[in-house]
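If you're matching them up, the sequences are chains A and B in order.
Using my numbering, read the first sequence as starting at 2 and increasing by one per residue.
Using my numbering, read the second sequence as starting at 2 and increasing by one per residue.
Treat the hints with care, as some may be off.
Note that identical chains are pooled: a pair holds if it fits in a single copy or bridges any two copies.
Stated by the list, open to error - Under the rule of at most 20 angstroms between Cα atoms (straight-line distance), these lysine to any residue pairs were calculated in the SDA-like manner: (1) Lys63 with Gln142; (2) Lys29 with Glu87; (3) Lys132 with Gly93; (4) Lys132 with Glu87; (5) Lys89 with Asn49; (6) Lys89 with Ala136.
Derived from the structure by calculation, the hints contain no laboratory data.
2 protein chains.
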Amino acid sequence: MFKNLTDHIARFVSLSEDEQEIFVSYLKYKHLKKNGFLLEEGQVCHGNYFILKGCLRLYFVKDNGNKQIIQFAIENWWMTDYTSFEQKIPSGFFIQAIEETEVAYIESSSQYDLFDGVPKIERYFRLILQKYHSASLMRLQYIYDLTPEDRYRHFYGLFPQFVQRIPQYMLASYLGFTPEFLSKIRAKMI
Amino acid sequence: MFKNLTDHIARFVSLSEDEQEIFVSYLKYKHLKKNGFLLEEGQVCHGNYFILKGCLRLYFVKDNGNKQIIQFAIENWWMTDYTSFEQKIPSGFFIQAIEETEVAYIESSSQYDLFDGVPKIERYFRLILQKYHSASLMRLQYIYDLTPEDRYRHFYGLFPQFVQRIPQYMLASYLGFTPEFLSKIRAKMI
Numbered sequence: 002m003f004k005n006l007t008d009h010i011a012r013f014v015s016l017s018e019d020e021q022e023i024f025v026s027y028l029k030y031k032h033l034k035k036n037g038f039l040l041e042e043g044q045v046c047h048g049n050y051f052i053l054k055g056c057l058r059l060y061f062v063k064d065n066g067n068k069q070i071i072q073f074a075i076e077n078w079w080m081t082d083y084t085s086f087e088q089k090i091p092s093g094f095f096i097q098a099i100e101e102t103e104v105a106y107i108e109s110s111s112q113y114d115l116f117d118g119v120p121k122i123e124r125y126f127r128l129i130l131q132k133y134h135s136a137s138l139m140r141l142q143y144i145y146d147l148t149p150e151d152r153y154r155h156f157y158g159l160f161p162q163f164v165q166r167i168p169q170y171m172l173a174s175y176l177g178f179t180p181e182f183l184s185k186i187r188a189k190m191i
Numbered sequence: 002m003f004k005n006l007t008d009h010i011a012r013f014v015s016l017s018e019d020e021q022e023i024f025v026s027y028l029k030y031k032h033l034k035k036n037g038f039l040l041e042e043g044q045v046c047h048g049n050y051f052i053l054k055g056c057l058r059l060y061f062v063k064d065n066g067n068k069q070i071i072q073f074a075i076e077n078w079w080m081t082d083y084t085s086f087e088q089k090i091p092s093g094f095f096i097q098a099i100e101e102t103e104v105a106y107i108e109s110s111s112q113y114d115l116f117d118g119v120p121k122i123e124r125y126f127r128l129i130l131q132k133y134h135s136a137s138l139m140r141l142q143y144i145y146d147l148t149p150e151d152r153y154r155h156f157y158g159l160f161p162q163f164v165q166r167i168p169q170y171m172l173a174s175y176l177g178f179t180p181e182f183l184s185k186i187r188a189k190m191i
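Okay, chain A solo, but in the shape it has when bound:
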C-alpha cells in the first residue's frame, strides 16, 4: 500500500527492516474524491501528505476573490503548509485534490515520536526540504529571467506530465498568466 513511499525514501536513506516497519506504523492513508480538500483556510494543517496517486494543488484566495495556485504535487511529492503544520497555527492556504487522489500522511502530533524512533526519517525530510528549497530558487530564477512564453516552454519541457493532466486555467494561474494568454502561447507552439 505504501510501496511508492518506501521506494522514494530508499533513494535518500537506507532503512533496516525494523526501521521500515516502525515508519510504516506511523503512516495514515486517505482517499479523496476529485475536488476534495485536505486543508482549508483558517484550519490548522495536521498532516504532511505524500501523493501515492493523483494530484493536489495548494492555493490561496486573493483579495479580488481569485485563486492563486502556489504549488502542484503529483505522485512522489510531499505537500503541506509547513508553518501551520509545525507551529499548529491556522493556515492561509487550501490544499485540494484536482483528481481522485490517494495520500499517505504523517500527523503533526506523532511526527517527533517518529523522528526519535527512526532518525533516518528526519534526515530524509531534511534532504527533501533541501531539494524543495533549491527548486524554489530555480523557480524564482525563471520568473525573473524568462519571458512568459519561454517560462511556459520551460515548464512544458520539465514537466510534460503536469501539462497533460492539469486543467489549463489552473496552469495559467500557477504560471501567473491569464488563461487567454496561455491559449495564445499554446496556439503558437502547435
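Fit chain B to the known structure of chain A by using the hints.
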C-alpha cells in the same frame, strides 16, 4: 566567537553542554572583505555559511551578462547552494560579500559526522529549511499578487534593515525592477 549561532540554534533545539562543545568543534570561521567571494560559478560549494556579521548575496549571471540576485543574507541567516553542497557538483551561482563579512560555516565533508554526533543539529537544519521553504512560497505569492510598487512597500515593511544597507541597484535586481523604476517608486514614497 560563535555566540550568535549558538543563540540562534537555542531558539529551535536545546543542546547539552557536551553537544554544544561537539558542535562548535565542527565550525570554521572566515572573514571576507567587501566584494570577496565564497563561491563562484563552476566551483563546488563546500560550505554552508551562517552570517555572524555582514551581508551576502547569491546571484547568477544571465545570458545577457546581467547579474540576477536570487537571495540576500544578513546576520543570523544561512546561505549555500544546497544542490552543489550536498551533491558535490559545480554550482551555477556566485556567493559574494557586499559588506565586510564574517561567517561561521560547516564543511560538506564533515556535515554527516556532525549530524551523527549531534542529531539535534540535523533537526535544527530541518526546521530552518522548513522556514526557508515557507518563505520562498510567500515570496512567490507576493510576486504574483502585488504590483511592483506594492512589492517594494511590502519588502520595505518586512525588511527595513535590508533597504538601508543594500545598494539600491542590487535591491532593484532582487525585486526584478530596473534601478530607474526603483528610483521612481522611492521618489513617490517620500
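Okay, the hints, checked on the actual structure:
no. : hint              : verdict
1   : Lys63 with Gln142 : between (24 angstroms within a copy, 10 angstroms between copies)
2   : Lys29 with Glu87  : within (18 angstroms within a copy, 30 angstroms between copies)
3   : Lys132 with Gly93 : between (24 angstroms within a copy, 15 angstroms between copies)
4   : Lys132 with Glu87 : both (19 angstroms within a copy, 10 angstroms between copies)
5   : Lys89 with Asn49  : within (12 angstroms within a copy, 29 angstroms between copies)
6   : Lys89 with Ala136 : between (25 angstroms within a copy, 17 angstroms between copies)
Checked against the numbered hints given earlier, this structure breaks none of them.
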